[in-house]
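Here is what each chain is made of, one letter per residue.
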Amino acid sequence: MPASDEAAARFLLQAQFSASEADIASVRASGCAAWLERQIALPYGTTGWDWLNSQGYGDVSNPANYYDNTYPGDYMAWSQLMTAPDTLRKRLALALSEFFVVSLTGLNSNWRSHAMAHYWDTLVAQAMGNYRGLLEAITLNPAMGYYLSTKGNKKENAAGRQPDENYAREVMQLFSIGLYQLNADGTTTLDGAGQKIPSYSVSDISNLARVFTGYDLDQSQNVDTVIAQTGGGTRTIGNTAFARLPMVLTPSNHSMLAATFLGTTIPASTAGAAALKTALDALFNHANTAPFFCKQMIQRLVTSNPSPAYVARVAAVFVDNGAGVRGDLARVFSAILLDDEARGPAGLTQAEFGKLREPMLRLVQWARTFGVTSSSGGWKIGDLSNAGTQLGQSPLRSPSVFNYFRPGYVPPSTALSTGVVAPEFQLVSESSVGGYLNYMMGVINGGIKRYAGNPGVVVDVVSAAYVGELALATNATALVQRLNLLLCAGQLSSATQTLIVTALNATPLTNSSTSTVKNNRIYAAVLMVMASAEYLIQK
Amino acid sequence: MHLLQPHLHTRRAFLRRSGQLALTGAALPLALNLAAMGEAAAFDATDYKALVCVFLNGGNDYANTVVTYDDPSYNLYNTIRGGGVGQTAGGIALAKSALTATLLNPTGAPLDVLGQTRQYALHPSMSGLAGLFNVGKAAVQLNIGPLVSPTTRLQYNNSNRSLYPLPPQLFSHNDQQSIWQSSSPEGSTVGWGGNLGDLALAGNTNATFTCMSVTGNAVFLSGDTALQYQVSTTGAIKITPATASTVYGSSAVSSTIKNLIQQTGSHKLENEYNKVTQRAMAAEASVTAALALTPPTTVFPTDSLAQQLKMVARLIKGQAVLGAKRQVFMVSISGFDLHDNLIAQQPVLLDRVSAAMTAFYNATVEMGMENKVTAFTASEFGRTLASNGDGSDHGWGGHHLVVGGAVKGQAFYGKPPPVSVGNVKDSSGNYALEDQWHVGQGRLLPSTSVDQYAATLATWFGVTGSELPGILPNLGHFGGAAYPLNLGFML
Chain A
1 MPASDEAAAR FLLQAQFSAS EADIASVRAS GCAAWLERQI ALPYGTTGWD
51 WLNSQGYGDV SNPANYYDNT YPGDYMAWSQ LMTAPDTLRK RLALALSEFF
101 VVSLTGLNSN WRSHAMAHYW DTLVAQAMGN YRGLLEAITL NPAMGYYLST
151 KGNKKENAAG RQPDENYARE VMQLFSIGLY QLNADGTTTL DGAGQKIPSY
201 SVSDISNLAR VFTGYDLDQS QNVDTVIAQT GGGTRTIGNT AFARLPMVLT
251 PSNHSMLAAT FLGTTIPAST AGAAALKTAL DALFNHANTA PFFCKQMIQR
301 LVTSNPSPAY VARVAAVFVD NGAGVRGDLA RVFSAILLDD EARGPAGLTQ
351 AEFGKLREPM LRLVQWARTF GVTSSSGGWK IGDLSNAGTQ LGQSPLRSPS
401 VFNYFRPGYV PPSTALSTGV VAPEFQLVSE SSVGGYLNYM MGVINGGIKR
451 YAGNPGVVVD VVSAAYVGEL ALATNATALV QRLNLLLCAG QLSSATQTLI
501 VTALNATPLT NSSTSTVKNN RIYAAVLMVM ASAEYLIQK
Chain B
540 MHLLQPHLHT RRAFLRRSGQ LALTGAALPL ALNLAAMGEA AAFDATDYKA
590 LVCVFLNGGN DYANTVVTYD DPSYNLYNTI RGGGVGQTAG GIALAKSALT
640 ATLLNPTGAP LDVLGQTRQY ALHPSMSGLA GLFNVGKAAV QLNIGPLVSP
690 TTRLQYNNSN RSLYPLPPQL FSHNDQQSIW QSSSPEGSTV GWGGNLGDLA
740 LAGNTNATFT CMSVTGNAVF LSGDTALQYQ VSTTGAIKIT PATASTVYGS
790 SAVSSTIKNL IQQTGSHKLE NEYNKVTQRA MAAEASVTAA LALTPPTTVF
840 PTDSLAQQLK MVARLIKGQA VLGAKRQVFM VSISGFDLHD NLIAQQPVLL
890 DRVSAAMTAF YNATVEMGME NKVTAFTASE FGRTLASNGD GSDHGWGGHH
940 LVVGGAVKGQ AFYGKPPPVS VGNVKDSSGN YALEDQWHVG QGRLLPSTSV
990 DQYAATLATW FGVTGSELPG ILPNLGHFGG AAYPLNLGFM L
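As given, the protein sequences belong to chains A and B, one line each in that order. According to the working numbering, the first sequence is numbered sequentially starting from 1. According to the working numbering, the second sequence is numbered sequentially starting from 540.
Just chain B, with the same shape it has in the complex (with noise of 0.2 Å):
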């Protein structure tokens, strides 16, 4: 069985390529279906919880978001990124200057492979994350990207992939937010987002709110058996054509058109379009009805990521009349592929995620469920260390965050990588230290993978050990010391 084609080890899998899986969105059947084949369920929910997905399209620049700090290592940031002298900005460096206000405070600071204590700050604009992480409710996984199994430099170098197996498609956009979110390639049709829906759907009155995104569609939140549900940052749209008791002046043109959509034939793209129809007509006055209630009165920033997260404080706010025990909730914000003007361009951005999150954040403590909600950032990939000039191109592993009340925070997890672009070998043909975490140009070799990452955040939101594997398949080829499956970052 190929370690790079995943779902094909559980009884889950066979249950999805032999066919047998309701395909319409239901409830319940898988659940009890795996219960009775003496596959344990994972639930048995009687609090609730949400997980939220912050994807940064684009591949976010790891470097300047988490910027470390010490000397030793921000001078050689500095060279490499063309900064000026005496620790100024210059180039795609940051001043150090610039960092101080947003330094982070870890209760433990972290070690470098070559022994060198590190610090870091958080980009200038990211002063809400900054002061979360420094109170203790949010955390940085340093080095984090797409892994089959544990990877050296060398067996990335080396071009057996049977024996060293690698994600397919590194470096290109598509793929790797599609392998991010559902270890397959482009054209994969369940995440492990989705997959934690489907174990949350016995436990949820109603399917359809187990995995909602506020942004478009993404493998992420697809399940065998959940769907994603779509709903816009004004909440679920009311189609009034077939509502309303008129149209154009005819009840008969308006019910004719809520019976004309959601019709289903022989053509089967046609059903499908219906289907989404049908779905959104069944469940617009549910959500409308969750937001119906007065909401949190923290104020969110006037931009779509901003405005995403606070319809998904909204729609937490309205879970019991969601009748939901287990979300999963994804946002998005675009623009982070800066092959060029990163200085100009990324702290905009970054402003917008922390901002965001922060207010997010504010607004989980005012509804006084801050312990119940989890939110993490997630991105294609990191960028090169090295500079184009302006910007700096697509890399591997980054830096990200996990904030809420629930998270281990003021804290960093995994290794932190040397700062270098070298390609520096010693006798032996071994990389230096300070080379091995790299593959060229400063592309970081993840020390943690999306695997590890995923799974901590699925047993905190209830998933068992028995249960991980089908949901990340690769997760078997991690373990022990050095790739622990659950990271830690969770109280």
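If we strip away everything but chain A, and leave its shape as in the complex, we get (with noise of 0.2 Å):
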């Protein structure tokens, strides 16, 4: 059971985007581990495909062709982060986006928004499922089709075209295996030289591509529409039921030569659904995969540099759920939390344990913490990415199918010990660290503003109410002490606290005081909190 408020905080910050009193009072009441069963249990919130279709995104006939934009995309995505009901589900699917990577960024298919979101709830559907399943249902999704060029796949031919190997080794090289051989507690095996041995070669990459020939989009349920463009001519648009479907396999586009990878041989002539379970099969055994996902996971959710004991222990839950099942997602997360490494204090007091706040994180804390509503309904954040000028970072919008970040990136030049890894420092530069704070700023107080047209008229504006804050605007030292615990379990030290509670005192503030200086109050309080480093880095 969490021995203080701080400590429940801390917790509900790894397991969902946010912390409120009534999720402290819960946490605190049943202890962490019945809040997970509670939230495992919960109904799935409305799924991103429906969003877009309730907000009128699957309409062909719109003028605003939105089979070709990615903007509906970006608008589903922080509707789900920020309203979703199913926290703990949506922030493991998070996490799970940030792995099995595709992106709103480099996907070219029609009706591409449906895609992405139709991914994005693959992954909120597999979240707390297996990992096999998982795995499965991301080889045979459509974005991923198109994202890793499995979409139209062909064998090879007479004419020495070869199958395309994209797939065979991204899934290889990112999505199960990782490029060398690790121990059950995710450190690098070393051969007898003391060097990294890489756990699959070109001739295994080549072999696996075959797997992965004769499928395309499942277009049996396709109805065409005859668009009319602006401009003149027509287009024909398929309807969104393909971004739905898991592809089909055209079995005479298949390889029917025999593939050996990894140890494993498929014969020549297997069928393709046969060949597919058989490679997904070996992927899903093979010794890396336990170690390799789970260190990642946990890197998302707690700390960039877990100890090889908790890695292992997670591990070990993937490899055995304690019912003999391998791959049991909603254990390995709880694993991930409950563990000792987590929720101990050790960490607390440690120099180098923790990480970054990923920037669009604390956008959704900010918005879940202050209960942000859309004026509009439509979530109209849009692309966040530009690091100058808003958060470098945005949900479904990873630059590449290496993620933002990379997880055994460094950053140059620092004081960490030799070993020490801080992936999400990858997005920090002279001009994000600025970005983020002068869009923060404009944010805070002003929300987060759609303009349409043009001169531009305000179309949405995702906007705080700020109601827990305001009913301690007279008392600078209890407003920082509840933003202390909201939004960083506690971690702020007090010499931090007296800073920021000094600068609100500067500005003279009784009841009677305008609503004007109360908002402004509570505006640089959160500011300056989330400003501060000892809220950035994550405990």
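Just so you know, these hints were derived from the structure itself, not from any lab. Take these hints with a grain of salt, some might be off.
To be verified - Computed beta-carbon distance windows for the label pairs:
id, chain 1, residue 1, chain 2, residue 2, range
1, A, Ser-201, B, Ala-1021, 43 to 51 Å
2, A, Gly-371, B, Asn-880, 42 to 50 Å
3, A, Ala-41, B, Asn-962, 55 to 63 Å
4, A, Ser-61, B, Gly-675, 55 to 63 Å
5, B, Ala-971, A, Ser-201, 22 to 30 Å
As the list claims (entries may be wrong) - Now the stretches of chain B that chain A is said to cover, found in silico as 3 or more residues with beta-carbon under 8 Å:
id, stretch
6, 796-805
7, 970-976
8, 1020-1027
To be verified - When the alpha-carbon atoms are kept at most 27 Å apart in a straight line, the in silico DSS-like pairs for lysine-lysine are as follows:
id, chain 1, residue 1, chain 2, residue 2
9, B, Lys-856, B, Lys-777
10, B, Lys-964, A, Lys-155
11, A, Lys-518, B, Lys-797
12, B, Lys-911, B, Lys-947
13, A, Lys-449, B, Lys-777
Treat the numbers as computed from the prediction; the structure is a model and nothing was measured. Glycine included, each C-beta is placed from N, C-alpha and C at the ideal position.
Mind assembling these two chains? They're in different frames, but the hints should get you there.
In structure tokens, the structure reads:
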């Protein structure tokens, strides 16, 4: 049982996007494990797919040509993160989206926002299911088919055409076993000469690529519409059905050659479905997969540098959830969040424990903590990837299949100990530190505005009411204590709190002060906390 | 000492290991220490020079960039890539007739190992760079890629990696990007561009502006002491909450934020974050002042790469304000990982590369600095010559361009690879000549290493021979006529 409000908030900020007084009380009353079980049992919120349709983005006739655009996908992602009731599930799906990466950026398909939404919905649906099922679902997913070019991948032919190797490489390198042989605790195995041992070869890739041949979009439910285009001419646009159906196999396009990879052989003339099962089973059962996956999930949720023992404990749960089942994600994520390394106090005083909060998570936390609403209901926040003027990151917008940052990223020329990594620092630059502060300064008081038309008219504002904070406006100390608890689980030092309180009190405020003065105090308190390194590094 | 562990050889490496290097990004100590210990610092620069790395993210398809044009070679290319009868387009092959306008006319035609006189054209969308090549301001370096030492195809096939070392994780994007930039796979923290910066620090008034990136974080510009300073395409970002006179009506809040965001304490990650903010705060005014000069009037396209190069041009113009004599810049463009849609998508990207680099060259001419600025392309790998239907897969060697007034242009450097995807061996088990320079599917086996490319650029930059191995630890494995340490493309 968490021994304090701070301990409960610390847990909540690892397990979901924000902490509220009600959440804290709930965790303190039942304990963390029971809270997790309640979250696992929560009904699913609205899917991204249904949300897009409810907002009208499935309308093929709309002259905005939604089928070509990614901004509906951006709006969908922010809406999911900021409003979904099943917060643990969504937090885990977001972590999974940074491992099994598909991105709106570079997704070239009709109805790309719908395709991305279905991919997101797939991660959500499987986030507390089984890794093996998730691996198969993403392999056959149409958005993934576009992103890593499995869609339309054809077998070798006499003219020298070879199977596309993109998915075969990345499913090994990024989605299952990683580049090097690993020990069960996530450390790299070394050979007799002290060198790392590659876990797969060029030949493994070429062979495995044969398994992923013959797949294409399932157009069996397609209905075309001929749309007149602005400026003349017409286009024939299919419907969204393909974006939600697993890719289908055309056997004549599937390679009939034998395939030998990772010590497994698929005999010649094996049918596609059987070959796929064998291949995915091989990846699932590989000794690397548990530590490779689990270590990165710990990095996403708790700390950039877990001890090998922590990784080993979680990986053991992946291998066997206690009932003989391999790949039970609900148990794996519970193990991550309930482990003593995440819950115990030791990390709070270690100089290299924790992780830099991702910029998009800071904004989602702001939104949920302060009860934001979207004036239009459309959550028209958009792509915030610009580092100089926005967050430098946006959900489902990784710049490539390698995610926004590498799990092993080491920032240059630091005082960090040898071997310490800081993945999220790959987003930190002289531009991004300023971009974040400038962006939040405008958002905290003015909300996030979407303009349309020329001249621009505001069509949506995502803004906060700060009700709980305004109730404490006259007491700067209490206000800062509240923000300290809710935003960073009490991790601001008393020196920092004093600095902030002193700055707030420099402007006198009483019950009869104007609402402008009171609001300004809240805005200033929130900005000062969210600018502090003690907030930015989540411990 | 393992060949694949660079940076273990020189005195700088010793310093790095023993943690004696200044880690704050401050100027001077390294060069002075080295001089005091008897290692000559490289620079006694009185003039200005800049290197600009243009990184093509994703692995650029070399075969459709520097396109083989002489009939025998083109016909092989056309067949392999699924082209049409009569030298027409098809599959992922470009039509020969489309290449005439961007045909390269070198002062001497290159000869390949088969004795074939080779001709090349740039991709049809690269008219700007083709024009610069043909007036001597751009050169093509053929078949370059990471190598630990000269390697043959048989040695590549031989599994004895102690005897025949290879760069680790060939064909993996992130590792090859890191190896191109730093001779080490992913996780590396020091790149050769940064090492050039280390040597240049002593001559620059303000160390901060030695290595400047207008793209994201990359190891290329990180040195032992020199740190990458990142600037956006609109300049240095001024942190309003820390510099405005009031924030939400309060001057106390503004000054408190200015204090808070630069504090250090006991938590190392917190400190490292705030150190970046300290640098941003300290440097912004200087960068803004440098950018306040009237920008070059040369028109740059609006895409990201062109805007990045425009910012580099403005920074170069302002180098007197920044107090810099030697600078290394990095810009990048993404999207080259064309496993599919190669024919549809590569032209857009190469058009941007050509137009941006041409505009950049013209801007340096406008500033009278074309002989002082050299831009060069790089990419984590080339791709297969073979097709997967509508794209190509990860490869190794590729062709690259070097552009500037100091370039000995209108020429090809390196060895033109034969056009083949075969695996033909003779009776003694040696590969046929046409199959010696790829490792299957037409993935080029580099005949020139990135180290040699970097050494040539570094030498022009002012690095002496004795300093080169510290920057390029595998350089000592090269040399001689086949793998010259200076490729000769700089005047």
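Hint check results:
1. Distance hint for Ser-201 (chain A) and Ala-1021 (chain B): a CB-CB separation of about 28 Å, inconsistent with the stated range 43 to 51 Å.
2. The given range of 42 to 50 Å is respected by Gly-371 (chain A) and Asn-880 (chain B), whose C-beta atoms sit roughly 45 Å from each other.
3. As the Cβ distance of Ala-41 (chain A) to Asn-962 (chain B) is approximately 58 Å, the hint placing it in 55 to 63 Å holds.
4. Here the CB-CB span from Ser-61 (chain A) to Gly-675 (chain B) is close to 56 Å, well matched to the stated 55 to 63 Å.
5. Between Ala-971 (chain B) and Ser-201 (chain A) the CB atoms are about 24 Å apart, so this pair conforms to the stated range of 22 to 30 Å.
6. Using a Cβ-Cβ cut-off of 8 Å, 7 residues of the stretch 796-805 of chain B lie near chain A, which meets the minimum of three, so the contact claim holds.
7. Counting residues of the stretch 970-976 of chain B whose beta carbon lies closer than 8 Å to any beta carbon of chain A gives 0, which falls short of the minimum of three for the stated coverage.
8. With 0 residues carrying a beta carbon less than 8 Å from a beta carbon of chain A, the stretch 1020-1027 of chain B misses the three-residue requirement, and the given coverage is violated.
9. Our distance criterion of 27 Å between C-alpha atoms is met by Lys-856 (chain B) and Lys-777 (chain B), whose separation comes to about 21 Å.
10. For the proposed pair Lys-964 (chain B) and Lys-155 (chain A), the alpha carbon gap of about 26 Å is at most 27 Å, so the pair holds.
11. Using a Cα cut-off of 27 Å, the hinted pair Lys-518 (chain A) and Lys-797 (chain B) holds, with the two alpha carbons roughly 22 Å apart.
12. Restraint check for Lys-911 (chain B) and Lys-947 (chain B): the C-alpha separation of about 13 Å stays at or below 27 Å, so the hint holds.
13. Under the criterion of a C-alpha separation no larger than 27 Å, the hint pairing Lys-449 (chain A) with Lys-777 (chain B) is consistent with the structure, at around 22 Å.
Violated hints for the displayed structure, listed by number in ascending order: 1, 7, 8.
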